[in-house]
Amino acid sequence: GAGVGKTVLIMELINNIAKAHGGVSVFGGVGERTREGNDLYMEMKESGVINEKNIAESKVALVYGQMNEPPGARMRVGLTALTMAEYFRDVNEQDVLLFIDNIFRFVQAGSEVSALLGRMPSAVGYQPTLSTEMGSLQERITSTKEGSITSIQAVYVPADDLTDPAPATTFAHLDATTVLSRGLAAKGIYPAVDPLDSTSTMLQPRIVGEEHYEIAQRVKQTSQRYKELQDIIAILGLDELSEEDRLTVARARKIERFLSQPFFVAEVFTGSPGKYVSLAETIRGFQFILSGELDGLPEQAFYLVGNIDEATAKA
Numbered sequence: 001g002a003g004v005g006k007t008v009l010i011m012e013l014i015n016n017i018a019k020a021h022g023g024v025s026v027f028g029g030v031g032e033r034t035r036e037g038n039d040l041y042m043e044m045k046e047s048g049v050i051n052e053k054n055i056a057e058s059k060v061a062l063v064y065g066q067m068n069e070p071p072g073a074r075m076r077v078g079l080t081a082l083t084m085a086e087y088f089r090d091v092n093e094q095d096v097l098l099f100i101d102n103i104f105r106f107v108q109a110g111s112e113v114s115a116l117l118g119r120m121p122s123a124v125g126y127q128p129t130l131s132t133e134m135g136s137l138q139e140r141i142t143s144t145k146e147g148s149i150t151s152i153q154a155v156y157v158p159a160d161d162l163t164d165p166a167p168a169t170t171f172a173h174l175d176a177t178t179v180l181s182r183g184l185a186a187k188g189i190y191p192a193v194d195p196l197d198s199t200s201t202m203l204q205p206r207i208v209g210e211e212h213y214e215i216a217q218r219v220k221q222t223s224q225r226y227k228e229l230q231d232i233i234a235i236l237g238l239d240e241l242s243e244e245d246r247l248t249v250a251r252a253r254k255i256e257r258f259l260s261q262p263f264f265v266a267e268v269f270t271g272s273p274g275k276y277v278s279l280a281e282t283i284r285g286f287q288f289i290l291s292g293e294l295d296g297l298p299e300q301a302f303y304l305v306g307n308i309d310e311a312t313a314k315a
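In my numbering, the protein residues as written are 1 to 315.
Incorrect hints may have been included.
[As the list claims (entries may be wrong)] So the derived label-pair ranges between C-beta atoms look like this:
(1) Arg-253 / Glu-52: 42 to 52 Å
(2) Ser-291 / Ala-73: 45 to 55 Å
(3) Lys-220 / Gly-48: 36 to 46 Å
(4) Glu-93 / Gly-72: 28 to 38 Å
Hints are computed from structural coordinates only; laboratory data are not their basis. Using N, Cα and C, we set each Cβ at its ideal position, and we do this for glycine too.
Full structure from sequences and hints, please.
So, in structure tokens, the structure goes:
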């Protein structure tokens with residue numbers, strides 16, 4: 001839904017990946033706010049990713065069909081961004097990052113066009129051609145011998161209903177989904193990533209390695225147990241839990257807070273400098289929390305820090 005931090009997360013990924021990425025990035029702004037498009041452009045210019053004096057040196061192509069545009073334009077702009085990405089892949093033989101914000105607006109525009117064409121609406125009022133249209137965009141995002149296209153897409157979920165036909169059709173095409181939770185956003189934990197709802201087909205030992213897989217599973221188990229105990233805690237309080245469960249809850253709350261991170265792009269709002277944490281550092285941090293070595297630290301020490309050493313220093 002609205003206000004959980006999708007665009008900020010996409011902007012942060014652009015900041016962290018696109019600037020360090022050797023290839024080219026393409027950003028498709030589909031039916032979103034014009035202010036955000038302008039901010040992104042100015043930011044890219046300041047950081048040198050866009051070089052106005054010598055366009056050939058620029059690392060990114062931006063294409064916009066924002067919410068003030070007619071539905072036809074909003075529907076085509078995602079495909080335009082994809083065609084640009086294919087050009088960089090096939091002609092320039094580069095690896096391309098394709099960012100789309102927001103893929104739901106592509107479906108929404110298709111629905112408006114469908115109504116204008118007088119087609120009979122299908123499930124929940126969406127166009128009958130929903131899965132065909134989605135497939136025509138998503139199935140072109142692929143790798144060839146020349147290069148690859150990797151796409152990161154923001155998905156607006158209407159009324160936070162993951163079973164709505166628009167997000168459900170989108171998820172069917174994705175390798176991994178990062179679900180942002182309104183409950184976590186309400187607690188002030190940003191990025192509000194829900195580790196239990198999020199999925200990835202790549203989280204396998206042969207792809208990420210045994211250690212990463214093992215830690216990720218243990219984090220999910222701890223978080224799941226905490227979720228199961230929340231009703232008991234709400235009714236009877238923490239004192240009614242067994243010693244083992246109390247320890248699980250304490251670690252799960254530390255994990256929840258450690259999953260927050262100060263963003264570079266949100267520096268102007270939060271006042272705290274952005275942090276970039278490598279994968280190895282992240283795994284090490286969760287390893288420490290799960291092993292019980294940091295049980296003595298207050299959970300607040302883990303909130304909005306970079307790596308685990310900052311949390312121990314903060315405590």
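Against the structure, the hints come out as follows:
{"no.": "1", "hint": "Arg-253 / Glu-52: 42 to 52 Å", "verdict": "holds, 48 Å"}
{"no.": "2", "hint": "Ser-291 / Ala-73: 45 to 55 Å", "verdict": "holds, 54 Å"}
{"no.": "3", "hint": "Lys-220 / Gly-48: 36 to 46 Å", "verdict": "holds, 39 Å"}
{"no.": "4", "hint": "Glu-93 / Gly-72: 28 to 38 Å", "verdict": "holds, 33 Å"}
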